[in-house]
Amino acid sequence: MIFSRTLLKRHTVLPGFDLALGFTVLYLSFIVLIPLSAAFLKTATMTWPAFWDTVSSPRVVASYKLTFGASLAGALLNAFFGLIVAWVLVRYEFPLKRIVDALVDLPFALPTAVAGIALTALYAENGWIGQWLPFKVSFTPLGVFVALTFIGLPFVVRTLQPVLEDLSRELEEAAATLGASRWQTFRHVIFPILSPALLTGFALAFARALGEYGSVIFIAGNMPMVSEITPLLIITKLEQYDYAGATAIAVVMLVTAFTLLLAINGLQAWTRARQGR
Amino acid sequence: MPGRIPMAGRRAVLGLLLALPLAAAQAADISLLNVSYDVSREFYKDYNAAFAAHWQKTSGEVLTLKQSHGGSSKQARSVAEGLEADVITMNQANDIDILHDRGGLIPADWAKRLPNNSAPTTSVSVILVRKGNPLKILDWTDLGRSGVSVIIPNPKTSGNGRYTYLAAWGAALKNGVSPAAAQALAERIFRNVPVLDGGGRGATTTFAQRKIGDALVTFESEVPLIQREFGDDFDVIYPRWTVLAENPVSVVDKVVDKRGTRKQAEAYLRHLWSPEGQTIAAKHALRPRDPKVLAAYAKAFPKVGTFTIDEVFGGWKKAQKDHFDDGGLYDQVILRAKQK
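In order, the protein sequence lines correspond to chains A and B. The first sequence runs 1 to 277 under my numbering. The second sequence runs 1001 to 1340 under my numbering.
Hints in this document: simulated from the structure, not taken from any laboratory. Nothing here was measured: the structure is a model prediction, and the numbers come from that model. Every residue gets a Cβ at the ideal spot worked out from N, C-alpha and C, and that includes glycine. There's no promise every hint is true.
Covered by chain A, per the in silico footprint, the following chain B stretches (three or more residues, Cβ under 8 Å) [stated by the list, open to error]:
#1 1148-1158
#2 1199-1210
#3 1294-1302
What follows is a list of derived Cβ distance ranges for each label pair [what the hints assert, rightly or not]:
#4 Ala-1050(B) x Ile-84(A): 56 to 64 Å
#5 Arg-1102(B) x Thr-256(A): 24 to 32 Å
#6 Ala-44(A) x Ser-1078(B): 22 to 30 Å
#7 Phe-1230(B) x Pro-111(A): 34 to 42 Å
#8 Ala-50(A) x Ala-1180(B): 28 to 36 Å
#9 Pro-111(A) x Gly-1104(B): 54 to 62 Å
#10 Leu-19(A) x Ser-1078(B): 31 to 39 Å
#11 Leu-178(A) x Gln-1209(B): 55 to 63 Å
#12 Ile-34(A) x Arg-1102(B): 48 to 56 Å
#13 Thr-1064(B) x Phe-80(A): 24 to 32 Å
Here are the simulated SDA-like pairs of lysine to any residue, each with C-alpha atoms no more than 25 Å apart in a straight line [said to hold, decoys possible]:
#14 Lys-1211(B) x Ile-129(A)
#15 Lys-136(A) x Asp-1232(B)
#16 Lys-1318(B) x Leu-238(A)
#17 Lys-1112(B) x Arg-1270(B)
#18 Lys-1136(B) x Leu-1225(B)
#19 Lys-1074(B) x Gly-214(A)
Construct all of the structure, not just a fragment, from the sequences and the given hints.
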């Protein structure tokens, strides 16, 4: 984004930039910055060695691997299938389409604990789906992955949909008349236009999965070193009234997540710049 | 350019922010808030109705009794951080101790203010097995046999789980084995645990509905609820020795003094020891302290060897520190159990 004087002075429909910015900063402070900085302040009551001991103990490190790994895998899967879902919803007409479209939002609205219990029941060894599978899903890291995929799907679909709707068919037709195969059309024409939105959706799904607790906790099995997610360890510390320890792990998650999101944002800006948009 | 979509997920936070001040705003008429743990909901619902009637008869005052239930440590934290509870009723003392340690809301010797360590009822940890007890599970040692699968809630997040772990450990000591052997038994048992659910009710679901595991350890007071919900497919096993879970209660001094509800709050708790209160407890499968009521309900409460946390583990504070704090004995047990 270009921050120039002209932008600041431009006349807009909403009240002046000063007021709007003031409101934005105040609002963000109350809702985001102050609560989050409280986590940092609480952590600051620890000494460095104590902090390091807490956030680098083997059990906590194992939970980072699971949480970040499963979140990443879930977001990747969502990026792939979310694209297909969005594509079908935008490009085709079929019966009950509006209902299918509304279904996509369910993971947003459903209390996560309900989702967790439902998924656990479905994928347990005697569950509707679980009984047909040759391997265990509920109470394993795979279960964590399933839950984190479930809650992330709407982010990808809902970020891609508007972009797909704006994408004119003429581009594809032009590509076809110029002799491009379907795959070439997708790779060179459609995908570059979609990729910034796809990255955004991926980043949102990933970020959401990192902090997810309610739905995962039921399906995870919560075995130390195997299926404990990082948010569970934070809760565990709170149960021991170890506020500093809990916030220390939370801070590590926050910083890591923020860094990753920043990197993805950077990547997004780069793709967009490369396309000259 | 892809627009960032407005997101629906943050409602919960707003809801919370709005709900908390509401609870405090209604202080004008006389009301009491009882903050309690998860599974006492049904008991206090009945007890509140009985006490409201009793109080109106004896003092003429109409009382509104409110209850809040949830995971015990979470509830205790809420009160320590400012939820205005007049009374707190828990299933282990360290969830009340915290109100003194962190909030300065009650005196350190709160447990001495009422009879029986301030615990009007108790329960014991029992073992639920599948009908007919196909694996012949009779005591804690059987839960450590190879091939037996045991469902226990996570001791790190659940009072029920902490009691279970201490029950097995303490029973071993009561049977005369060394602390090292008790720890080895705990290790063998936890090696047999396929899922560590967050709380007691979750563990029940895993065992009763998903049919995972050969045994479930839970409170005796939970058994009727489980049978009502899932039918009679279970046998209850009373081990030779088990832990006596005391359910302590306390007035929250700072809050009742501020709200002017001390008289009502103290009467509310004292009435738990009355024959009426004890009978309601017995009906909800909580062991009454009153010998007469206990005798009347003797069938529901088989005699079993019990020990308290104070007696074997030197109190909850010490038990928490020795066993459940990070790096404590429980962490050693569970990590070693999972490595084998």
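Now the hints, each set against the structure:
no.: 1; hint: 1148-1158; in the structure: holds (count 3)
no.: 2; hint: 1199-1210; in the structure: holds (count 4)
no.: 3; hint: 1294-1302; in the structure: violated (count 0)
no.: 4; hint: Ala-1050(B) x Ile-84(A): 56 to 64 Å; in the structure: holds, 60 Å
no.: 5; hint: Arg-1102(B) x Thr-256(A): 24 to 32 Å; in the structure: holds, 30 Å
no.: 6; hint: Ala-44(A) x Ser-1078(B): 22 to 30 Å; in the structure: holds, 24 Å
no.: 7; hint: Phe-1230(B) x Pro-111(A): 34 to 42 Å; in the structure: violated, 23 Å
no.: 8; hint: Ala-50(A) x Ala-1180(B): 28 to 36 Å; in the structure: holds, 30 Å
no.: 9; hint: Pro-111(A) x Gly-1104(B): 54 to 62 Å; in the structure: violated, 35 Å
no.: 10; hint: Leu-19(A) x Ser-1078(B): 31 to 39 Å; in the structure: holds, 38 Å
no.: 11; hint: Leu-178(A) x Gln-1209(B): 55 to 63 Å; in the structure: holds, 60 Å
no.: 12; hint: Ile-34(A) x Arg-1102(B): 48 to 56 Å; in the structure: violated, 22 Å
no.: 13; hint: Thr-1064(B) x Phe-80(A): 24 to 32 Å; in the structure: violated, 55 Å
no.: 14; hint: Lys-1211(B) x Ile-129(A); in the structure: holds, 15 Å
no.: 15; hint: Lys-136(A) x Asp-1232(B); in the structure: violated, 28 Å
no.: 16; hint: Lys-1318(B) x Leu-238(A); in the structure: holds, 18 Å
no.: 17; hint: Lys-1112(B) x Arg-1270(B); in the structure: holds, 13 Å
no.: 18; hint: Lys-1136(B) x Leu-1225(B); in the structure: holds, 24 Å
no.: 19; hint: Lys-1074(B) x Gly-214(A); in the structure: holds, 15 Å
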